[in-house]
Amino acid sequence: MLETRNLDKSFGAVHVTRNVSLKLERGERRVILGPNGAGKTTLFNQLVGELTPDSGSVHLAGEDVTALPVAKRARRGLSRSYQKNTLFDGLTVEENLGLAAAVHTGHATQLWSDSLAKSEVREIVAEVAEQVNLMPFLHAKVSEISYGVRRQLEVGVALATRPLVLLMDEPTSGVGPEMSKGFHDLLNNLPRDLTMLIIEHDMDLAFDVADTITVLNYGEVVFDGLPEEARGSTLLKEIYLGSWENA
Amino acid sequence: MFRHNTLRYAVLIFLAGAALFQALTAGYFGLEILTEILVLAILVLALDIVAGFGGMVSLCHGALAGVGAYAYALLSAKAGIAPPVAMAGAVAVTGAAGWIIGAVCSRSHGIYFIMATLAFGQMAYSYVFEAPVFGGDDGLGGIERLDLSLIGLDLNDSRTFALFCLALLGAVYGAAVLILRSGLGRSLSGVMHNEQRMRALGLTVWRVKADVFGLSGMIAGLAGVLAAQHVMFISPGLLGWTVSGEALVVVILGGLGTLVGPLVGAAAFVVLKHELSAVTTYWHLVVGVILIAVVISRANGIFGWVEARWGARIERRVADATRKQQPGEVARDA
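In order, the protein sequence lines correspond to chains A and B. First residue of the first sequence? That's 737 in my numbering, and the numbers climb one at a time after it. First residue of the second sequence? That's 172 in my numbering, and the numbers climb one at a time after it.
These are calculated hints, taken from the structure and not from any lab test. For every residue, glycine included, the Cβ atom is placed at its ideal position computed from N, Cα and C. Some hints could be false.
Unchecked claim - Listed next, with one range per pair, are the computed distances between beta-carbon atoms:
| id | chain 1 | residue 1 | chain 2 | residue 2 | range |
| --- | --- | --- | --- | --- | --- |
| 1 | A | S746 | B | T493 | 51 to 61 Å |
| 2 | B | A259 | A | G798 | 47 to 57 Å |
| 3 | A | E856 | B | A274 | 20 to 30 Å |
| 4 | A | K877 | B | L191 | 31 to 41 Å |
| 5 | B | P255 | A | P872 | 50 to 60 Å |
| 6 | A | P872 | B | T493 | 11 to 21 Å |
| 7 | B | R488 | A | L874 | 39 to 49 Å |
| 8 | A | P872 | B | L319 | 52 to 62 Å |
| 9 | B | G416 | A | A853 | 32 to 42 Å |
| 10 | A | L847 | B | H455 | 31 to 41 Å |
| 11 | B | Y453 | A | T788 | 49 to 59 Å |
Just chain A, same shape as in the assembly (with noise of 0.2 Å):
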């Protein structure tokens, strides 16, 4: 569903992403692990159109997109969410997931009709609101809603794209323990046949949740393999200091 080919990117003299090749199939559930600074947001931002790499290339669905802008990888499919939070702050929860949804239903640049209230699009803000328990929230404004919750919105909005892979750029950053165990269950619940990648520093998490782990330092490919192997591999324990022993 998802493939890279050597993804190359370097900032001057600092080589953010050597080589990525990676290949996600249809509803599988990634979780790319990796200290600070491995490049993890930068390969993420390659793949979704915001950064050109130097070389290598991107595949969606069989179809190379390396050329194409962030908004038409969008449109086939590609949607993330953001570690740092990206919503329209003046506006209710409805209306973010609205404004999402009204692109992918094509009703965001019609003249004649407002994209909000088209059945379409309410539709799809009410079955994505109840997939990330922002019911309650609707008609709330993210001013005034928690940090938390506004972390669901992050997912929701991606979600309201309908897309064919979601990436998540850390969901849970920042957020308690009690409600990190939520968004296990609330990535959990999501549709299997959705495909994920997910960056995530909560090893909880990403062994819950994930099919597959690849790990990253210093732009590499360390490791590629099932969460029972990356348990049990002394490099990833060398890379971590042993952070997830316990878990």
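Keeping the supplied structure of chain A fixed, place chain B upon it in accordance with the hints.
Frame of chain A; chain B shown alone:
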């Protein structure tokens, strides 16, 4: 996102009533002032759509109005095209010009966007000023008003023309509301709040900006056509950046991003201008002081200030009502 509330409806009804009363009862001078307000109101509505709801602060809307005025003058007076067709043609030409400006400037933001639009405006001004076909500094005269004698209206009569402008302003306001409540308008609001996210969701952001700028250009063009018909003469000054700056002052004075505020601003600005210029030639200074006071007060213009106080009062009432209700509920529970 654009929403009406009780206050906005009330102010709209008051403004429409006052304008209608003025149109029906005022003498010649009063009608001239009213028409000036109505034409300016159309122009500032066009500007509020892009600046207040799309974050695209434009310094070329005066030039767009000028393009509309000159296009109408050339099509009707020089090419001999019937005024209604020339009017439609001028609005279409301005819409196209607005779309191109919007498309070219769509990737710039903030001060760069303002400067890019200013450059477009000044280019248009210089071209009109220099090209002989536009009459240079002398401008163009002999511009006809629409002939609506078929339906018994004589637009050469100041009162009828003012009523005609009022009707068009009403139609433009309705169109602006429809635009802002459409899918395009909702997306524009999303772009203003978070352009990066809208792009990441799959929206072609430049196209949305260009489309809305084009629609806004059409409205500005209509204002230009009416300005040309009003004074039956046009000169390059109409395209000058000071006209655009004045329109921006009016929008900020009234209340950016409220649609109703710019109408209040247009009325306040024109009335102030005429009243103050009768007293002093330095009337701009007074308007400047008022503008500074509005900006420093952090209120969103005159209407924004009223709306904020009105909103706070409603919140206080709701809080009081909740407080009063709570002891009763406790008593019932007990």
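Going through the hints against the structure:
1. A:S746 to B:T493: 51 to 61 Å: 60 Å, holds
2. B:A259 to A:G798: 47 to 57 Å: 49 Å, holds
3. A:E856 to B:A274: 20 to 30 Å: 29 Å, holds
4. A:K877 to B:L191: 31 to 41 Å: Check passed, 37 Å falls within 31 to 41 Å.
5. B:P255 to A:P872: 50 to 60 Å: 55 Å, holds
6. A:P872 to B:T493: 11 to 21 Å: 20 Å, holds
7. B:R488 to A:L874: 39 to 49 Å: Given a distance of about 25 Å, which is not inside 39 to 49 Å, the answer is violated.
8. A:P872 to B:L319: 52 to 62 Å: 56 Å, holds
9. B:G416 to A:A853: 32 to 42 Å: Roughly 38 Å apart at Cβ, these two residues keep to the hinted range, so it holds.
10. A:L847 to B:H455: 31 to 41 Å: For B:H455 against A:L847, whose Cβ atoms are near 39 Å apart, the range 31 to 41 Å holds.
11. B:Y453 to A:T788: 49 to 59 Å: 56 Å, holds
When each numbered hint is compared with the structure, a violation occurs for hint 7 only.
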